[in-house]
Amino acid sequence: MTDLYHIPGAWSLIYREDGKPDIRRHVSEQQQHASETDSTLPPSHPLRQVSLGTPELNTLLGGAGIPCGSLTELWGHAGAGKTRIGIQACIEAVRDGQSAAVYIDTEGGFSWERWQQWGGGHTPPDALHVYRVWSLAELLAARYVVEEVVMAARTGTVRLVVLDSVAFPFRAHAAVSPRTLLTFAAQWQRLAYTHNVAVLMVNHSTIGGEHPGRLRYTPALGPLWQHVCAHRIYVAPGYARVTQSALCPEPDAAPMRPTQASLDERSPAHHAAAATPSFRGSLAA
Amino acid sequence: MECTGDADATTLDGDSAVYVLMQAAQDGWWRPSGTKSSGAKVTEADARQWVRRRLALGGRINLERELRNFVSKHLVYTTNSQAGKALDGSVPSLRFGDARLDAVLSARYGMITELCGEAGAGKTQLLLQLAANNPGETVYVHTEGGAFPVSRLREMVRARSAPQAWSEPGTERSAALDRIYVEHANERVRTLGDMDELVRRRLPQLLRFRPEIRLVIVDSLAAVVRPEYNRAERHQMVRRAQWLFALALQLRQAVRQIPVAVVVANPVTYRYDYVHNTRRPVPALGHAWSHCVNARYWIQRESGAPGVGGAARYAQVMFSAGGPTPGTRVCFDVDASGVHGREVIRPGVLHEDGGSRP
Numbered sequence: 001m002t003d004l005y006h007i008p009g010a011w012s013l014i015y016r017e018d019g020k021p022d023i024r025r026h027v028s029e030q031q032q033h034a035s036e037t038d039s040t041l042p043p044s045h046p047l048r049q050v051s052l053g054t055p056e057l058n059t060l061l062g063g064a065g066i067p068c069g070s071l072t073e074l075w076g077h078a079g080a081g082k083t084r085i086g087i088q089a090c091i092e093a094v095r096d097g098q099s100a101a102v103y104i105d106t107e108g109g110f111s112w113e114r115w116q117q118w119g120g121g122h123t124p125p126d127a128l129h130v131y132r133v134w135s136l137a138e139l140l141a142a143r144y145v146v147e148e149v150v151m152a153a154r155t156g157t158v159r160l161v162v163l164d165s166v167a168f169p170f171r172a173h174a175a176v177s178p179r180t181l182l183t184f185a186a187q188w189q190r191l192a193y194t195h196n197v198a199v200l201m202v203n204h205s206t207i208g209g210e211h212p213g214r215l216r217y218t219p220a221l222g223p224l225w226q227h228v229c230a231h232r233i234y235v236a237p238g239y240a241r242v243t244q245s246a247l248c249p250e251p252d253a254a255p256m257r258p259t260q261a262s263l264d265e266r267s268p269a270h271h272a273a274a275a276t277p278s279f280r281g282s283l284a285a
Numbered sequence: 286m287e288c289t290g291d292a293d294a295t296t297l298d299g300d301s302a303v304y305v306l307m308q309a310a311q312d313g314w315w316r317p318s319g320t321k322s323s324g325a326k327v328t329e330a331d332a333r334q335w336v337r338r339r340l341a342l343g344g345r346i347n348l349e350r351e352l353r354n355f356v357s358k359h360l361v362y363t364t365n366s367q368a369g370k371a372l373d374g375s376v377p378s379l380r381f382g383d384a385r386l387d388a389v390l391s392a393r394y395g396m397i398t399e400l401c402g403e404a405g406a407g408k409t410q411l412l413l414q415l416a417a418n419n420p421g422e423t424v425y426v427h428t429e430g431g432a433f434p435v436s437r438l439r440e441m442v443r444a445r446s447a448p449q450a451w452s453e454p455g456t457e458r459s460a461a462l463d464r465i466y467v468e469h470a471n472e473r474v475r476t477l478g479d480m481d482e483l484v485r486r487r488l489p490q491l492l493r494f495r496p497e498i499r500l501v502i503v504d505s506l507a508a509v510v511r512p513e514y515n516r517a518e519r520h521q522m523v524r525r526a527q528w529l530f531a532l533a534l535q536l537r538q539a540v541r542q543i544p545v546a547v548v549v550a551n552p553v554t555y556r557y558d559y560v561h562n563t564r565r566p567v568p569a570l571g572h573a574w575s576h577c578v579n580a581r582y583w584i585q586r587e588s589g590a591p592g593v594g595g596a597a598r599y600a601q602v603m604f605s606a607g608g609p610t611p612g613t614r615v616c617f618d619v620d621a622s623g624v625h626g627r628e629v630i631r632p633g634v635l636h637e638d639g640g641s642r643p
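Read top to bottom, the protein sequences are chains P and V. Per the working numbering, residue 1 is the first one in the first sequence, and the count goes up by one each step. Per the working numbering, residue 286 is the first one in the second sequence, and the count goes up by one each step.
Don't read these hints as lab results, they were simulated from the structure. Keep in mind that this is a model prediction, so the values were computed, not measured. The reader is advised that the hints may include incorrect statements.
Unchecked claim - Partial selection, computed: residues in chain V whose CB lies under 7 Å from chain P: (1) V305; (2) F494; (3) Q538; (4) H572; (5) H576.
Stated by the list, open to error - Here are some chain V residues the structure puts well away from chain P; computed CB gaps all over 10 Å: (6) R339; (7) A432; (8) L438; (9) R475; (10) T476; (11) N579; (12) G607; (13) A621.
All C-beta atoms in this analysis are idealised placements derived from N, C-alpha and C, irrespective of residue type, glycine included.
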């Protein structure tokens, strides 16, 4: 097996002394100075992963949550619970008092009532930074702000950046060139890797037909966006599933993990959804 | 049209570049080169022309500096320490004036709410009730066929006002009616361009001149959009989706500075259900529009068999940002004095007849 340690940022599968396999990541000096991450830390160390709120969601990517230093995407239909998972991840990230989180809101789904409703009442002040973004230019410009916040690190190290609905400004803009999309993606990848933050992007779903007789849904933003996020999680009301990830080699065989919404009101929500004939249109088809 | 910067800088397309440059011009530290420093205000046409000319000459526009400055001045920013002061129990939404309806349905400030249902289900009744109950002012864009139901609105307002106001007809009731601005389909809003112009130009102007406006109602958006796009053609559906996203963005930008709730009524279309060999109603305007709204409520009218509690209509939460769980229902009925909620059904609640029904 080739040794990939000379490539900064590469993941390698190695075998520990006791014979168990482990995933290690080559950390450059810059990253080490920036985040004090030791490359000998196990993948489930809290400095390597950011919790998503419930233990079931955390086991989706095989560990304690989503990995730091790469982009993770949550996609799903409207009302599936993507914003909720983003807010809960922020709550978990700032809970220990030494970490900070950044939430960039594009659609207005963030409110302080929801923050308190899901257990965010006891967070230290100024641990969560919320930005409301109203257009594509502001979304592209938000990267600079986040970079400054991450480097300043006023209230602890920034562990998590949530971009709620990266899809909405791009879809609202006429004829966004592929170059814009990929430059945006590359800049966020660089930010995530350099400062070892977990970046959670929320995406929409759209119709991508493979079978003409039946609707199939794919993540929005087109085929170019497939290659941007390292890990993709499909969110539906009641469960979440990994669709693409290097940490989960066979995504179709991954079991459905219930989300917190279904833990609150378990099967009645499903029965409500199934019994109403017009609920969500053709999703049940 | 594309503006590029350095390899590390951000690439913007032309519209975004013009937007950023206009903000910088309003702040006073950017002018198109070639204009006097103490001249007239920079207009959007100037900015567009400058951008186009720079690109035509083969030049590169580096927006790095503009973006950094733009960011520091214009991004809306809070932290949770500031938010703790804001949560003083103030209700950030508009209500219907009925306790059971308010427990389930709400129109929140800064969000786009949708009421979808079949024709005659009661969407317009609920919207009129919302307008009548609004202490501030309302903008009502009426694009459905037929005249605006003024008499119905007058009945609802009369039911709300105190009885002693009846002795002086015209004072209190007309004041309530004067707070509602109506745009008619056959006069002003007929095509997509009209709707675009309404949202981009006229609505921000109106919001600036009348800062007491708290509610914008569009009844319905589909009546304007449907005749323009052919549902059978895929590329037209793609363009329609993009237009809807742009409209949602403009609506949100228009209500940026002041707390205004936007409520849209949406008719249904039908999708064939292969499993049950029947047709099922589905909200109109497609899958894209469901991503534009923050909350969606389904209004249903049971024809024939009466529903629970004797009421024949119900409103069900399909999804709602910050609202009750999906599946929560309120049964209501409509009479001369307005809409009255009869019963609230939470998902999974056990009922008297022993069944656990949604």
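How the hints compare with the structure:
{"no.": "1", "hint": "V305", "in the structure": "holds (5 Å)"}
{"no.": "2", "hint": "F494", "in the structure": "violated (21 Å)"}
{"no.": "3", "hint": "Q538", "in the structure": "holds (5 Å)"}
{"no.": "4", "hint": "H572", "in the structure": "holds (6 Å)"}
{"no.": "5", "hint": "H576", "in the structure": "holds (5 Å)"}
{"no.": "6", "hint": "R339", "in the structure": "holds (17 Å)"}
{"no.": "7", "hint": "A432", "in the structure": "holds (29 Å)"}
{"no.": "8", "hint": "L438", "in the structure": "holds (29 Å)"}
{"no.": "9", "hint": "R475", "in the structure": "holds (23 Å)"}
{"no.": "10", "hint": "T476", "in the structure": "holds (18 Å)"}
{"no.": "11", "hint": "N579", "in the structure": "violated (6 Å)"}
{"no.": "12", "hint": "G607", "in the structure": "violated (5 Å)"}
{"no.": "13", "hint": "A621", "in the structure": "holds (29 Å)"}
The structure does not agree with the numbered hints 2, 11 and 12 stated previously, though it agrees with the rest.
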